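Since each chain sits alone in its own frame, please combine them into the complex, following the hints.
In order, the protein sequences belong to chains A and B. Following the numbering used here, the numbering of the first sequence begins with 36 at its first residue and continues without gaps. Following the numbering used here, the numbering of the second sequence begins with 2 at its first residue and continues without gaps.
Calculated directly from the structure, the hints in this document are not laboratory data. Values in this document were obtained by computation on a predicted structure and should not be read as measured data. Incorrect hints may appear among the rest.
[Stated by the list, open to error] Straight-line alpha carbon distances no greater than 27 Å define the calculated BS3-like cross-link-like pairs of lysine-lysine that follow:
1) B/LYS60 with B/LYS233
2) B/LYS176 with A/LYS48
3) B/LYS233 with A/LYS168
[Stated by the list, open to error] Partial list, computed: chain B residues near chain A (C-beta under 7 Å):
4) LEU10
5) ALA20
6) VAL41
7) PHE44
8) LEU85
9) GLY89
10) ILE106
11) PRO108
12) SER112
13) LEU114
14) LEU120
15) ALA122
16) PRO219
[To be verified] Listed next, the stretches of chain B that the computed footprint assigns to chain A, with coverage defined by at least 3 CB atoms under 8 Å from CB atoms of chain A:
17) 57-64
18) 136-146
19) 153-166
20) 204-212
21) 220-228
Note that CB positions come from ideal geometry on N, CA and C, so glycine has one too.
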Amino acid sequence: MTVVTLEDVDRRKAWGFVAPALLWTIAFFVAPFVFTAAMSLWKREGREIVRVWNLDNYLRFFLESAFLKGLTNSVEITLIVTVLSVLLAYPLAWIIAERVPKRLQRMALILAILPFWTSYVVRSYSWLLVLSKNGVINQGLMGLGVIAEPIEIASTRSATVLGFVHFFVMLLTLTIYSNLIQLSPNYRRAAADLGANAFQTFWHVILPLTLPGIMTGAFLTFVLCIGDYVTPQILGGNNELVLPQIIMLQLGRRADFPMAAALSIILMLVVTLAYVLCARWLKIERA
Amino acid sequence: MRRVFLGGLSWTYLAGAYAFIFLPVLVLVLFSFQDGRLPVPPFNGFSTQWYEAVFADRKLMAALGNSLLVALASSIVACLLGFLAAYGLARYRLPASALQRGLLIAPMTVSYLIIALGLLAVLNALNVPLSLMTVAIGHVVINLPLCFAIIYASMGDHHINIERAARDLGASDFKVMVLVTAPMLMPSILAAFFLSVTFSWDEFIIAFLLSRFDVTLPVEIWSMLRSGLNPKTNAIGSLVFLVSVALLLALELFLFGRTKKQ
Numbered sequence: 036m037t038v039v040t041l042e043d044v045d046r047r048k049a050w051g052f053v054a055p056a057l058l059w060t061i062a063f064f065v066a067p068f069v070f071t072a073a074m075s076l077w078k079r080e081g082r083e084i085v086r087v088w089n090l091d092n093y094l095r096f097f098l099e100s101a102f103l104k105g106l107t108n109s110v111e112i113t114l115i116v117t118v119l120s121v122l123l124a125y126p127l128a129w130i131i132a133e134r135v136p137k138r139l140q141r142m143a144l145i146l147a148i149l150p151f152w153t154s155y156v157v158r159s160y161s162w163l164l165v166l167s168k169n170g171v172i173n174q175g176l177m178g179l180g181v182i183a184e185p186i187e188i189a190s191t192r193s194a195t196v197l198g199f200v201h202f203f204v205m206l207l208t209l210t211i212y213s214n215l216i217q218l219s220p221n222y223r224r225a226a227a228d229l230g231a232n233a234f235q236t237f238w239h240v241i242l243p244l245t246l247p248g249i250m251t252g253a254f255l256t257f258v259l260c261i262g263d264y265v266t267p268q269i270l271g272g273n274n275e276l277v278l279p280q281i282i283m284l285q286l287g288r289r290a291d292f293p294m295a296a297a298l299s300i301i302l303m304l305v306v307t308l309a310y311v312l313c314a315r316w317l318k319i320e321r322a
Numbered sequence: 002m003r004r005v006f007l008g009g010l011s012w013t014y015l016a017g018a019y020a021f022i023f024l025p026v027l028v029l030v031l032f033s034f035q036d037g038r039l040p041v042p043p044f045n046g047f048s049t050q051w052y053e054a055v056f057a058d059r060k061l062m063a064a065l066g067n068s069l070l071v072a073l074a075s076s077i078v079a080c081l082l083g084f085l086a087a088y089g090l091a092r093y094r095l096p097a098s099a100l101q102r103g104l105l106i107a108p109m110t111v112s113y114l115i116i117a118l119g120l121l122a123v124l125n126a127l128n129v130p131l132s133l134m135t136v137a138i139g140h141v142v143i144n145l146p147l148c149f150a151i152i153y154a155s156m157g158d159h160h161i162n163i164e165r166a167a168r169d170l171g172a173s174d175f176k177v178m179v180l181v182t183a184p185m186l187m188p189s190i191l192a193a194f195f196l197s198v199t200f201s202w203d204e205f206i207i208a209f210l211l212s213r214f215d216v217t218l219p220v221e222i223w224s225m226l227r228s229g230l231n232p233k234t235n236a237i238g239s240l241v242f243l244v245s246v247a248l249l250l251a252l253e254l255f256l257f258g259r260t261k262k263q
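The following block holds chain B by itself, in its conformation from the complex (with noise of 0.2 Å):
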């Protein structure tokens, strides 16, 4: 008797969590159908216009196109500095190497508003005009920790027999890392460079200290919540979760099923 009670209540709060987690993105994306000027109830009835009114706004295209672009960038730069810095310190002694690891985790423990604080101080001190540029070295900078710890982390002993028999086959140096350390990590590459696409393509604070005239999509969003409540910020809002969603699936594939086979 007591056990099923027990068991009708984790079954309850189990859907109370998920109702919970849930039902701000429920909202968000029925009342992205919404046929009329406010995302609010009553339901007025089905309609696309505001996707159609999103696909047609420039801006908002040209920010959408932005934050790929800074995020690839920033994630493809990020990823190689912290493979790179991974297999120095995991394949070589070097000295004062748990300083050097510490320093490179370092940017994760301090506020993303402090790294922008900080790089914004320095750029307008070096009369460094603000752009895309400088938004995607900000990104790079709250990324390479990610990408380091998680490529560090799988870079284990068992590879180095693996990388010593190549390079007994006459392998060059820069022909391991390429043809076979790089190959046997590609899983965690993928799920750093991934991980960091996501981050970067979402990041707000950054990006709106460190642009000027081009932004990112955040940034975007954040000038049109200015003027309200509008089914046409629900409508990006649902589509920008759908990317990260996407993002999220293709992590999920790559890595753990990976992982699985092996």
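Only chain A is shown next, with the shape it has when bound in the complex (with noise of 0.2 Å):
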């Protein structure tokens, strides 16, 4: 019996610690998720909204060509983003990892991360200065006489992708390093014993070995830019919207809490699906 009540006031002792983290969870993310979910299926009607349950707002989705428009622009520039990232980062990491001297590298990194830390808006707005009319790539062009009139690279969609492949380099030469240099150079040894050449080591040993850091970081990145409302809102202009900048139009210009709140669902949807797909391609690798 003492036992029992010694564990009881063990494990409320234990809810005690828990209890105020768990509670801030609740009331600050839970409900306002669940009433957000709610309110997506409401309508705003003249300045009131309306608390009627339907579908209307979903069904305005797949309507507007407008919103479909906003989610194709939203999984693209997210799909091309997440892949150049990878594809820039990984030589980018395993140079670091492979070729600079021990002593140096996580100087090397802390360089490579480094502008990650800039303020999140001044770093697209500095990647205005170099792509913008007068920035530094037209004038630079211009001054070597390969262009007479400046192009237009801000207030577009490679604009918009640029911006972002430099934030998520950044971000992914930093996860591939730390699973680089885990891998024990024992896999590698055992590839040079079996007759395995260089790029024989890399091909089979060492880039499966990495797949799930890879897919743990490009996740992220998928994660991170598809949710993103200021890169785009700043470099790509008002030409081609990504989801957050119509979910932004409808609270600010339209003050329609309803229709972004299905918006939003959506996208989550979105992001939930990408999980499952990537859950599901790493178990088949790992099998």
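Here it is in structure tokens:
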């Protein structure tokens, strides 16, 4: 009996430790999220939000081409950014892990991710200085006589992609590097003993072993990229709106909370789908 | 021969990557010293007038103060809640502990925009006015998972015996936690704290949607962007970068300096 009481006391104490964090998460994350989901089934009429349950917002999403276009823009840009970032970051992480002398590696890595810590808004703005009509690239090319008129780089999809890739190359270099240095050198030795050359060792041993790390990084890139408003708004302009921009438009200009909520739920579903696909793919790779 | 070629290729790639990574930051900093009205080429000469303009700007300085306040307050709360939860879940057997851990980590997987939208809708429905306080609440939501995850990961089993020894010597549970566990975990608590401060200090969308009259620095910079390219934006941007790098260095010294010694 006494043992049970002691355990009960312990358990009460433990709940006391965990409860504040749990309550905070439930009050300020779970509850707002449930409210968002409920709101997506309401409707805005005039200036009022009418609490009548219906699927109108979701129907509107599929019927109005502007919304669907936002989703396809978001998915396309995110996929391009994710693939480009992995392709550019992997060699960089590999060179830092393999070619840079051990004592300089930490330094090389810190340098490679230093601009990651610029203010998020400022980072996109600074790309504008490079890409705008009178920016560094246009002035440079005109100075060299390559072009006569400045070309439009800012306010295009390419500018958004470039800004995103810049950000995520740094993030992925960090995750892939930490994955690479965890590999035991014995794998490489074993592969060499079995007669594999450097490329075969990389392709058949190193790359498969780092795939889980790459997938984690790629998924992180996908989530952060598809949910971002700042970079597309500053660099992409208003030509090809992505989903977060449309959500902000619903909030700001139209004060249409239910529609914004429905779009957020759709955004979340896309991320969940990406997660399911990644998880499954990883499992097959491991088996 | 092939080796030399591959080696050369590696160094070229490394140099190219660094150039790409640093290009916008270098342009930002260089043209913050521009002696002219536009932060674009040609460079007219060196001037610190834009930094003077930044320090003379009351709104910017107020926003900077607000940002620091929100970052420090929200990070302290996030760290404290994260530490307590990590302690409870690592040291006691609780029902559905995997579910609890999942719940605490969950906000990490949701876009900041959606978190902000949900909070905004609830605050509107409850008629709570927007303020720096509501921004800080949002920042705790996004940083709590991070703090919890970092501190929970460092709650090693080898610490349990030291805690047990302290208890045997007559320390109360509270004393064990404050005088034994917390100091042992200080490197990761500080790491969580500094990371949390840098994230909160830089965060835009939550601060944008959940503030009204008092705004944080990223929101103030956002409103400066409407007036187009301006060396003053470069100057404040360079300063923000400097602060972030300083925080990163502190993190490096506290976290990695200590783990190296151990």
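Structure-based check of each hint:
1. B/LYS60 with B/LYS233: holds, 13 Å
2. B/LYS176 with A/LYS48: holds, 14 Å
3. B/LYS233 with A/LYS168: Since the Cα atoms of B/LYS233 and A/LYS168 sit roughly 19 Å apart, the hinted pair holds (cutoff 27 Å).
4. LEU10: Nearest chain A Cβ about 9 Å off; hint violated.
5. ALA20: The hint is violated - B/ALA20 has no Cβ within 7 Å of chain A, the shortest such distance being about 12 Å.
6. VAL41: holds, 5 Å
7. PHE44: violated, 10 Å
8. LEU85: Hint holds; B/LEU85 Cβ to chain A Cβ min 5 Å, cut 7 Å.
9. GLY89: holds, 3 Å
10. ILE106: With a closest approach of 9 Å, the B/ILE106 hint is violated.
11. PRO108: holds, 5 Å
12. SER112: The hint holds - B/SER112 has a Cβ within 7 Å of chain A, the shortest such distance being about 3 Å.
13. LEU114: holds, 5 Å
14. LEU120: Where the cut-off is 7 Å and the nearest Cβ of chain A is about 5 Å from B/LEU120, the hint holds.
15. ALA122: holds, 6 Å
16. PRO219: Holds, about 5 Å.
17. 57-64: Since 0 is below three, the answer is violated.
18. 136-146: As far as the region 136-146 of chain B goes, the hint holds, because 5 residues have Cβ atoms under 8 Å from chain A.
19. 153-166: With 0 residues close enough to chain A, the hint is violated.
20. 204-212: holds (count 4)
21. 220-228: That given contact holds, which follows from 3 residues of the region 220-228 of chain B lying within Cβ reach (below 8 Å) of chain A.
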